[in-house]
Structure formats: C-alpha cells, structure tokens
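If you're matching positions, the sequence shown starts at 1 in our numbering and goes up one per residue.
Just so you know, these hints were derived from the structure itself, not from any lab. Just to be clear, a hint being listed does not mean it is correct.
Stated by the list, open to error - Result set (DSBU-like, lysine-lysine): computed pairs, CA atoms no more than 35 Å apart in a straight line:
no. : residue 1 : residue 2
1   : LYS190    : LYS304
2   : LYS132    : LYS292
3   : LYS214    : LYS170
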Amino acid sequence: MGAHLKALINDRLYPLDEFNLIGRSDDASIKLDDNGVSRQHATIRCEGSHYWLVDLGSANGTYVNDSAITNARVLRDGDRVQFGANMLLFHQDGTLTDLDEAQDMGSTTQVLRRAPVPLKTQSLTMLVGDLKGFTQLSSQVTPEQLGDLLREWYADCNVILREHGAMIDKFIGDCVFAYWHGTEMDVRAKALDAARALRENKSSRTSSTRLMLKETKNIILDCRIGLHLGEVAMGAMGKAVNTAVGDAVNLVFRIESMTRPLNCGVLASAAFVVDWAEGRQFFEPRGSHEVKGHPDSIEVFSLKE
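Taking the hints into account, I'd like the entire structure generated from these sequences.
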C-alpha cells in the first residue's frame, strides 16, 4: 500500500518509503530547504497498513490539520501536514473508508468518513530510555543549547531504534518510549541490542553543545533503560492521540525509574528475562521491589556491563 506527500505550493510529490526522515540535513530522505525546519525535524514510518508521524523535538513543531502533535500520530488520507512553512497533503493508496450517500438538493452527495484506527490488545516488548541528571544538566546550558542537545538525542534514538526494528511511540522531554510487536526471544534480543546501543550511543553526529559539556564539565549523556513485556491496548485514544496504554506500559516506566536507586544502566523485568534461556546469562538478579501504583512487588534484573 503506497503513500506520498504532496506539496501544496508546487504540487511536488514525495513518495514515502518504509522509513522517512524529514528535515534540512543532507541525510534526510525528504529534504526541505526551509529555516523553519530543523535538521532532523520528524519521521514517517510505515507499520502494517498505517503511516506513523513522529516529531523529533523540532524547534517549530509538526502540525497535522493545524494541530501540533505531541505523540506518535497515524496519518489518514487527506491529512494536511506542516513542517515549518511547508504544507503538504498526505495521500495513501487503497485507504479503507465508508461512503454514505446523502440526498442534497435532489442530487446524491458522497460523504467520506474516515475509519478510526481500531483499538485492540497486543503483546509488546517495550523499552523506555531516559537521560540521567537532565534537570541538573538543564541548569548548566542555555535553552538554545538544551534544545540542540535534545534534538540531536532524539535523532540518535530514532536512528538506533529504527536500526533494531523498534516503533517509537513517543518522546516525553528527555525520555523515549518504544516497542516491538511480539514477545518472542528474537524480539527480546533486538530490544536488548537496542538498549546496549542507546547506552553506547556511538553516533557520528556530535553537537558543539555535547562537545562543550564533555570538555569543560566532563558531562556525558547517560541514557538509562527499562525493559518489559506484556499486553497493552493500542489505537486511537482521542483526537490526534494514538498510543499504547495499560499496566504493562506504566510498569516499564517504573522499571526505568528504578535504575537510579539501583545504580544500573539497564534494568529488565522478570517477565523479560526468566524464560529466556540464552539471554538470561547477560543479566543478574537485583531482587523484588515495591512499585508505586502496582499491587505486587516486581522482580528485576540488571544488565551486566
């Protein structure tokens, strides 16, 4: 099922691949020469029959039908997408819609109704990454430097997670939430490899702000990771909001927050580790812990680093 963006100003077509990076950088698959567009502004990724739009912490935001997006957003045929001053129309071949016929002034009028993304339960392997000490870091740089740092980190997360087959659900400040469909051992291996890559972050892109922090303050971005798996509800949760929700989602965020008191880089739930014979060798038990908002204590395992 193909799709493209069409620029409203000159009718230029931008065919969409499975993954598309939109921005001013030379490595963008859809390059927009506009100062209002960030170097790595947004991504559009095809998953199944849907195309998901994610803003990468751009300076001026990404808009769909004049509304700024804050989460991963499923695009629908006919949506108007705006990056900076660029207004584009999204078109997807074979879009499933309902056509109702209505009588108007003696003639037949076709009214197009967009079918919502269905809400359904799915088993996911989930990852939450969060930058340690970000509040303190924010006080040591200017807002512009902080914005540059976050945009670069968002882009790094996007590249690393895409390379390991993940779908990014959302960015929340200095945090990223991503998932893989399924909970099989090979899926968990991808999530573990992604966690290691996020920890190492061997990106070729190094901003002047990141260099300054390392050379003058000996500060290096430290991404802490939580891993978990379970059943979640996925689909449209409201206007312009498409995301995963459920106790398993809440729990993976709680597990990531435990990396600080337990002083570890990657922390996984027992559900992620205990029945994975090949992967368990990479983890060591860290005991059972009470988790806020959860009725039972949770057994967790830290990655050996």
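Hints, one by one, checked against the model:
{"no.": "1", "hint": "LYS190 to LYS304", "verdict": "17 Å, holds"}
{"no.": "2", "hint": "LYS132 to LYS292", "verdict": "20 Å, holds"}
{"no.": "3", "hint": "LYS214 to LYS170", "verdict": "28 Å, holds"}
Hint check: no violations occur; every hint is consistent with the structure.
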